[in-house]
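J.: The primary structure of each chain is shown beneath.
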Amino acid sequence: MATDAVIVKRSAGRRLAGFFNGRPRLQIGSLLAAPMAWLVILYLGSLVVLLITAFWTVDPLSGSVIKELSWQNFEELVNVPVYREIVWRTVRTAALVTITDALIAFPIAFYMAKVAGRKTKAALVVAVLMPLWASYLVKIIAWRAILAEHGVLNWALEPIGLHGPGTGVASVWLVMSYLWLPYMILPIFAGLERIPDSLIAASEDLGAHPFTTFRKVILPLSFPAVVAGSIFTFSLTLGDYLAPKLVSNEQFIGTSIFDSITNNQPFAAAFALVPIVVVIAYLGVARKLGAFEHV
Amino acid sequence: MRGQKGSPARTAWFVVAGLVAFMLVLAGCGGGGSTTGTTGGEGGGGGEELQKLGKGEGEVNLISWAGYVEPEWVKPFEAKSGCKVNDKVAGTSDEMVKLMETGQYDGVSASGNATARLWAAHEVAPVNVALIPNYKTVFPDLKGQVYNTFEGKPYGIPHGRGANLLMWNKNDVKPPPSSWEVTLDPKVAAKYSGHISQYDDPMSIAEGALYLMNHEPKLGIEDPYELNEEQFDAAVELMKEQKPNVGEYWSSAEQQIEGFANGSNQVGTTWQYQYFALKGENEPVEASPASQGFLPKEGATGWSDTWMISSHAKHPNCMYMWMNYIISPKANAQVAEYFGEAPAQEKACEETENPNFCSEYHAEEPAFWKRVYYWRTPLAECSEGGETDCMDYNDWVRAWTEIKG
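Protein chains in written order, with my numbering: chain A, 1 to 295; chain B, 1 to 405.
Chain B with its partners taken away, still in its complex shape (with noise of 0.2 Å):
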């Protein structure tokens, strides 16, 4: 009896040592990240645009907004194109960026505030639009704009447009809110503190912005992603006071959903897809009214999303095939319904299950998107008068850092 004492103490080191072992191979696995990425070269851009399209490579690499690859559409694709799509989501723009860094992807439903980026790091090539049949039939207004065309050129085929929501739990907010006051006025949002929900991104500042642009007309902001040094304080200081009654900064749709369904979130900023996955596990959950276009009283920061090629596109045959599907009248349509955003392309209009789809999504009117401010990488260059007093990207996200403390 006394002999054996001594074995348990050593098995359980053992124990020990093997599960140490196994935190380090873990770790070991998490670390490896590649410093990829080459500077060099005026401009942006990489590669040259497919001239001919040939035959498809068989695959075809995607990373996307959750709700933009769905089967729905994606198999009626594969079976034609014969292009098996591979989908990765992504939860931000800053990761979108990054996973285009590794090169091992084709394209990239990429935001407002990716694209330039993407651009500048010669990640992304120019689209031949000639290749794309669908392309002539997009919204005028959605093509040649700052974010998807760089000196003159394309490089993208816009896929849809919408508007950030805000949301609410109607049980615990009463009444319906009509401004973003409900999460960003210190006053009004202390009675929610500790369940609201903001979005864990540097963009996150510009709903500030547009909120101190209504609110504060002396700072005399135009653009909440044009801001010079005081301009640009006052909503890191908007921000930085929200801080304390912020419950959860959600960086995936996921996050954000469970946060609302189990309560701990009642009020927040939020994408149509985790509105309407919400509504569709009927929690009580509500989102500005359509009828005044899902927007509070302020207006509210957006998005138009652009589907680009890697300038590194392994399968650009089947990247081109997937982009002119896409915004094809019935694939467009079926993920603008199922997303819950204003399509592209002018006859998705007409596919729509919802024979009223495009007009509750004001999805032909130009005149509507004129108070969604689309997401935009930030410059020290400001459009106008062309001076350099506007804080960049960097500033915008060492500033995030700093507001959430």
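Chain A extracted, bound-state conformation (with noise of 0.2 Å):
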């Protein structure tokens, strides 16, 4: 009787603190609910609509949706030369990219990692940041500005005879090479900052020549770094349609995906997979490469 009286005084959040009391799992659970179904219902969600999508097609003449299966989208994509076409460009240019930018940011991040002292080091990784500040769109209507015509670039480059990319590809490299590179800087400075001094220091006791020192110690042990960077520069290289589209008069995958979207969205919808699959596949190497040993 006494104790059936204390149980009924006992206040809703009492009890409900008691019925997770000794479930670890269901606790764990409900704090995690609300994330998890961010994570699946947003993305993975919306990635799962996109392949049921991808096997509708649409009516020729009103553009409007039907929702039957079919993979006559998928065929299109596999035999018209045209959109091979598109995706070998768009690949080869993230692969251009990431190179450029790795080669770039190396040395920036080692001098960032080992060589600057503390306030240079703090004033170098703001610079690196301040870019991302300001609005992507806006960083590419101004490389419109600098590779125009009458633009900053062909008018430095005339007095040695020279001229600027245009509209080809070549500009696409260059605004894409210049956008992702603070998302090499970063993940390579912090791959460096973590190999210990006493290492290299090491490495020059026994006589090595920095040369050997760089090639033996510091690129092994900061690799998995630079590959975590590449996935970056990469796949942002890959499904961007913006910087194409404002600078060049090419077709990237970015861009046949906004212009089916208007008429076409399962065909959109289609070719939105093939970037996705090239980025698994990617994953799955970096992975072997070691980029994820450290996350």
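Please keep in mind that the hints were generated in silico from the structure rather than gathered at the bench.
Just so it is clear, CB atoms sit at the ideal spot from N, CA and C, and this is done for glycine as well.
Be a bit skeptical, because a hint or two may be false.
Claimed, not checked - Derived list of chain A stretches under chain B, where covered just means 3 residues or more per stretch with a C-beta under 8 Å from a C-beta of chain B:
(1) 61 to 73
(2) 148 to 160
(3) 249 to 258
Got two chains here, each in a separate frame; can you build the complex from them with the hints?
T.: If you want it as structure tokens, here you go:
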């Protein structure tokens, strides 16, 4: 009788706490429910919808979606040469941008991590992050002005008899390399910071030439970080459509998807699966190269 | 000191992770497309025409071409009707069709290459012209056309018409061109390689077809929107040859204005809106002279626009008021002069600031418009003889992707 009365008196909150007590899985489950729902429904859910849509087609005249499954979009992607060419052009540009950024980012990151003093280092981190505060659209439009016929680039190149890249693939490469550079610098910087100075000192003590130290000690230890950075530069280039639209007259995967969205959404969905497949393959390779070991 | 070594690295990782999350959110927001749209049912159109004009609903949501919905004539409309105008500018007809499919808009200023598709998709409703008093005095040659009338019912109110212009930078392009060959003949166009500005829309193939109609009579092209396979392939081939010379395929008026202003574009197809905007900035641009009706010698593609009402319109009364207002003599004169097109309203010619405006724009000369080929949705059925061997819009869209390479 007495114990019953005590239970009745307990507040709802206490009862809830009592319910969770001794059930650790339920505790963590309810804690993560909201973020998990966000991840599963918004990201994975939309991917599933995308996958299903890719099998639909549209009515030729009205452009209305016909919700019947068919391979038509995928057949078109594979059989029409222009789409293969667009995919190849995009992947090639993404690879070029990645290599360019790695080559530029490594020395900067090395200086930041190993050479610069504390104040200089802080200033450099801010300097690298600063461009990310500006809208990326504004930066592309600024590049449009730089690359224009009477723009700064042609003005600067004219005295030495050269001409800018105009509106070709090279412009896209240039703009993308600029846009995504910070995403390469930061992981490499973080990776280099992790290498203890003592290892470098030991290599020197053992009589290694600085170049040998770089090749045998620094590069292998920081390589996973370079691969991590390359994931950003590669996949961001692969999916972007604004830069190609605004600085070139060439079609990329992103621009083709954008163009298809207005009159053939199912085809756009099918095309959107291409960069996803490419990135998954790339992540597989990156994993092999150890990019996720310290994440 | 040593102990703190790890923390900046960790901070950097957090920053990177945050950025990735941010990019993903951005990508997520951009990716949310709707897949509405119904099929089925014979014919097209949707909903019933309005029988009686009621009280305004307080607002109206429009989709328009740049320069069609401007404060100068929108403010008086809002004051008089009590309908607040919310306007969304679209860059291409495809975009207009897609926006209409969201069902969030009451009406659209559709060109002839969108009207039939909107009708076939049941997105637009027939218009009861008895409720639009100003319709009576619309130029007769704009009423009852294939692009605004379906199954005998009017599906919109004519807004105005014009030709696509050939525009050039007079410092770079000499002598002044009088033919589309300056952008389409590979030999002539090579001179401006990398600086040609072409509209990024399958309708541009009709420009190639119009050029061939004049320069390759053997192909027997009679209408640039009704092409059999051989004619179509020839036009596509011509546009492919143009590709290496194209500096930019523009898809918004602002993009092209900027391209001409910064000197990257030297010659290409444009609309009156961009031409007058650049003129207003004192840029050295020129277009085919008014004395020739703004037309190069081959004639030109053009448009005849129609205000259509959505079959899902939430503010039908306000939309009817807008349709009547935009073709009222004063407002139609204002929009025609602002944009640089021929008005649809006969009486607008008495209201223009420039008393010669209508004669300069050939508004009252049906014969003139025979050389302007209004944008139209290409259909498999050719109008001549009921043959079905014409290339349809899907073929045009696919070819346009191949042309751009």
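J.: Which hint numbers doesn't this structure obey?
T.: Failing hints: none at all.
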